[in-house]
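Can you make the complete structure from the sequences, with help from the hints?
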Amino acid sequence: MSKFLCFSIVIVSILVCSPLFAITDEEIFRAFSLNLTTPGARAMGMGGAFIGRADDATAAETNPAGLTILSRPEVSFEYRHRDSRSVTTKISNLPVENLDGSAHVPPGTDFALADFNASDSLNSVDALGFVSYVHPFESFTLGFSRHELIDVEANLSGDVTASPFHFIEPNAFSGSSKIKDVNYGLTVAGKLGEHISLGGTLKISDFSIKSDIGARQFVPGKPLEQFGDHFTSVYDNDSVGVGLNVGFLANVNSNVSIGAVYKYDPSFQLKTVVTNVDFPGGPQVVVTNVDFNIPDQLGVGLSVNAAGFTVNFDVVRVFYSQLENVQAGFSLFTHLLPFPKDQLVFKVDDGTDVHVGGEYLVRGNQAVLAFRGGYYRQSRNLFYFRSAPSAQNFLSPIFGTNKPSSIDHVTVGGGVTFSHIEFDVAGDISLENELVQQSLLLNKSEVAHRGFELVVSSVVRF
Amino acid sequence: MISWRRFLALIAAILLTVPAYGLEWYKAYERGRDRIKNGNCSEGQDLIFEALQGNPRDDLKAPTYGTQNMEYFPHYYLALCAFQAKKGADAARYLREAEGGRIASSKLASEYEAMKPQIDAMQKEQQQTTKPPVQTTKPPEEKKPPVVVTPPPEKKPGPTSTVDAKPDNALLIKAILKQTRDALSERRYEDAKTYANSILRLDPANRDARNLLSEIAGKQAEELQANEKQQKIREVQNAMDAGNQESAERLALALKVQYPTDPRIESLLKQIQSSRNSQVDVQKQEEARKNVERDVLMAYYRGDYGQAIRAANLGLPKAPQSWRLHFFLGCSYAALSMLDENGSEDRLRLARESFRRARSLSLTTNLPPYISPKILEIYKSS
Chain A
1 MSKFLCFSIV IVSILVCSPL FAITDEEIFR AFSLNLTTPG ARAMGMGGAF IGRADDATAA
61 ETNPAGLTIL SRPEVSFEYR HRDSRSVTTK ISNLPVENLD GSAHVPPGTD FALADFNASD
121 SLNSVDALGF VSYVHPFESF TLGFSRHELI DVEANLSGDV TASPFHFIEP NAFSGSSKIK
181 DVNYGLTVAG KLGEHISLGG TLKISDFSIK SDIGARQFVP GKPLEQFGDH FTSVYDNDSV
241 GVGLNVGFLA NVNSNVSIGA VYKYDPSFQL KTVVTNVDFP GGPQVVVTNV DFNIPDQLGV
301 GLSVNAAGFT VNFDVVRVFY SQLENVQAGF SLFTHLLPFP KDQLVFKVDD GTDVHVGGEY
361 LVRGNQAVLA FRGGYYRQSR NLFYFRSAPS AQNFLSPIFG TNKPSSIDHV TVGGGVTFSH
421 IEFDVAGDIS LENELVQQSL LLNKSEVAHR GFELVVSSVV RF
Chain B
1 MISWRRFLAL IAAILLTVPA YGLEWYKAYE RGRDRIKNGN CSEGQDLIFE ALQGNPRDDL
61 KAPTYGTQNM EYFPHYYLAL CAFQAKKGAD AARYLREAEG GRIASSKLAS EYEAMKPQID
121 AMQKEQQQTT KPPVQTTKPP EEKKPPVVVT PPPEKKPGPT STVDAKPDNA LLIKAILKQT
181 RDALSERRYE DAKTYANSIL RLDPANRDAR NLLSEIAGKQ AEELQANEKQ QKIREVQNAM
241 DAGNQESAER LALALKVQYP TDPRIESLLK QIQSSRNSQV DVQKQEEARK NVERDVLMAY
301 YRGDYGQAIR AANLGLPKAP QSWRLHFFLG CSYAALSMLD ENGSEDRLRL ARESFRRARS
361 LSLTTNLPPY ISPKILEIYK SS
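Chains as they are written, first to last, in this note's numbering: chain A, 1 to 462; chain B, 1 to 382.
Calculated from the structure, these hints are not laboratory results.
Certain hints may be false.
[Unchecked claim] Here are a few chain B residues that face chain A, going by a calculated C-beta distance under 7 Å:
#, residue
1, Tyr26
2, Lys27
3, Glu30
4, Lys61
5, Tyr65
6, Gly66
7, Thr67
8, Pro369
[What the hints assert, rightly or not] Anything over 12 Å on all C-beta distances counts as not near chain A; from chain B, calculated:
#, residue
9, Lys174
10, Lys178
11, Arg207
12, Arg210
13, Ser247
14, Pro260
[To be verified] In the SDA-like style, the derived pairs of lysine to any residue whose C-alpha atoms are separated by at most 20 Å in a straight line are:
#, chain 1, residue 1, chain 2, residue 2
15, A, Lys90, A, Leu441
16, B, Lys61, A, Asn365
17, B, Lys107, A, Asn365
18, B, Lys61, A, Val416
19, A, Lys444, B, Lys290
20, B, Lys290, A, Leu440
21, A, Lys444, B, Asn291
22, A, Lys403, A, Leu431
23, B, Lys87, B, Met122
24, A, Lys444, A, Ile407
25, B, Lys107, A, His420
26, B, Lys229, B, Gly218
27, B, Lys107, A, Arg363
Yeah, the Cβ is synthetic: ideal placement off N, Cα and C, and Gly gets one too.
Written out as structure tokens, the structure reads:
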């Protein structure tokens, strides 16, 4: 029996016997960051700190209890523009050891120092991010809202000059991924005593993912650019789930209020189809399911106002670790490595976001002018490498072994209110974040480039 | 355990059944206003009083929530109810409160203008029919502004009680001049200034006092400059102590521009330069060591052990304290000893010697990756 035939039998057995081996992946989910910012330009101008204040129609999402503050029916709209953002990773002198156990591995190809390059870019977004209608009744307040929780389109590409799983040959991947989650909410809020308000938003989540990623390998006589030459991984799922936001707001006195909110978001079963395109004898297809659990959030906020000046401070715990169930035990660079799901482990840690901001109101004869500024520290939902039976030296530098650092945002905004109409605008600049790692041989540089987001919103009161 | 559907239903039920108590003042006001407009004064008044507990002042632009204002005239609606109840005095009193909030400029202005004469007339009529007038609720008295009697400006005393503002007090001026000079010589500049100014109050044209003031100002500026200089020199020294030579040099150069002839600054700059030179030397050495190590490692991992040995022997004079060079030199000798039987013993001996030197320089147990277990055995047994 020829060596190639032996190898083919091994691969067939991997693909056919174990549905876990699919190219679902951390690479896809590490490329996008969830849009967990607070809706509305007013809140965004204040660094997204709004849980303790929540005194306009955007509270339906931020803290439903805040809707009890409203005395008139309100309609609010939010238009959001986000510039494209990218993360580039460059690693040089990455140690690569051939981990393929086949006997046919040619001599002299058991070790190499490789260069790795990857780029994850989020496309720019222009969307109606939030719409709501709120109607206060005598004893309770009712709200309807539509909120785009996730709207990202990412392009991913990467290459490595030598891979441990392909006989030290070059390997690469590229593709795109689009994920959208729109929540349709029904909010009920009421007062429980003179100072306490409670509210809840029942959310119907409309989730969709379309992703097409291909891994290609070096084939003698063929250019490397041929997409999908080797493995492809495709997601095409639409799903509906139910979530819930529960909020609490307490007015300590006329100047101080505190709020808390828990946002439960649903989990979706995603089907992924992996195809070994160039398998000898015809393409091999594996279908498997993973859980995509949108992280829940727990936030608390404090708001203090006096003499036209308001300062808000929020702390939000984001349970990113719920995303870990997307793991299928397989990454694009490990696609020939027979690791069981529970052995190739990637982690993503829960994060804590901090929002702080202020608003100053100038009450003129015809209009109220608002000036706002804030700061927002955003934790990241990036996966990092935890453990594998081997290849740690290869995978650790690519994915990192520690929780990624947070991204700092600075926000500014302003607004004008004429009678019952309010216009607000806010800009959010996320600062560049660079990670540099150097050792004797290995150099790694990962740059999360600066981003900009603009939000324009309006509230009309009847 | 309660399911989330039941929990949700429970929350909704609670919210729908609880009464809307503890209204915000603006909600109570709006509801009270609407009730009164619909002719329901008894309920409306209660709500208006509830609003007044939260916000007692009428206001043309009362801030409510968010960025919202509202015209807030609870006393106008109380006046309306009092008028309907034929309580002229109460109505007039409430209307005055509303006037304080500038109701005449509000959207209620025309209604207010129409109602005011009627309330005035009702109040007059009630006063005439009831003599002496009995006021159920006493309208607040208008406070007259207090008569402010401005006392003539007091003459400020000088620093000593001996100062007197008489025009021809030459002796007194002479005495104060002496006090001024004494204070100046003792560097009590503020006292000296006060004395000199008191002289000028007695004799605005006094030349001595003016000269002294100039001298004081000059001395103060000189002292301030000296202090600043000292402070900056301290900052330079602190930066040097903290190892921040770049910052120290920047500060020292700025000082040099300001005080070009000061020998202390010149000396500081020399110290900084010397320190930076030694830092650069250390960095260069470190860079050279890394380059040599890199060459050796690359050659070793490529399997070119002869080149690794040559590179290590070339680099060791430059970086004799590098345990890595000794280690990889040992590995290279060991690898060659295993690959080629000719001279195997010699190479093994050289490998062991290199390993011993490496171990004497570092006892690290964190050895580089991808080293053959056989070589590691030699290393451990050396």
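A cut-off of 12 Å on Cβ-Cβ distance, and B:Pro260 was said to be off the interface with chain A. Does that hold?
Answer for B:Pro260: holds, closest chain A Cβ roughly 41 Å.
Under 7 Å is the threshold here; is the Cβ of B:Thr67 close enough to any Cβ of chain A for the hint to stand?
Check passed: Cβ of B:Thr67 comes within 4 Å of chain A, closer than 7 Å.
Next pair to validate is B:Lys61 with A:Val416; report whether the Cα-Cα distance is within 20 Å.
15 Å, holds
Assess, step by step, whether the Cα of B:Lys61 is no farther than 20 Å from the Cα of A:Asn365, and give holds or violated.
8 Å, holds
Holds or violated: is the Cβ of B:Lys61 closer than 7 Å to a Cβ in chain A?
The hint holds - B:Lys61 has a Cβ within 7 Å of chain A, the shortest such distance being about 5 Å.
Given the hinted pair B:Lys107 and A:Arg363, is their alpha-carbon gap at most 20 Å?
17 Å, holds
Claimed clearance of chain A by B:Arg207, with the beta carbon kept past 12 Å:
53 Å, holds
Regarding the hint that B:Tyr26 lies at the interface with chain A, is the smallest CB-CB distance below 7 Å?
6 Å, holds
Hint check: is the beta carbon of B:Pro369 less than 7 Å from a beta carbon of chain A?
Check passed: Cβ of B:Pro369 comes within 6 Å of chain A, closer than 7 Å.
Hinted pair B:Lys107 and A:Asn365, Cα distance within 20 Å:
Holds, at about 13 Å.
Just to be careful, I want the Cα atoms of A:Lys444 and B:Lys290 compared with a cutoff of 20 Å; is the pair within it?
OK: A:Lys444 and B:Lys290 at ~17 Å, within 20 Å.
B:Lys107 paired with A:His420 [C-alpha distance capped at 20 Å]:
Holds: B:Lys107 and A:His420 sit about 15 Å apart, inside 20 Å.
Checked against the numbered hints given earlier, this structure breaks none of them.
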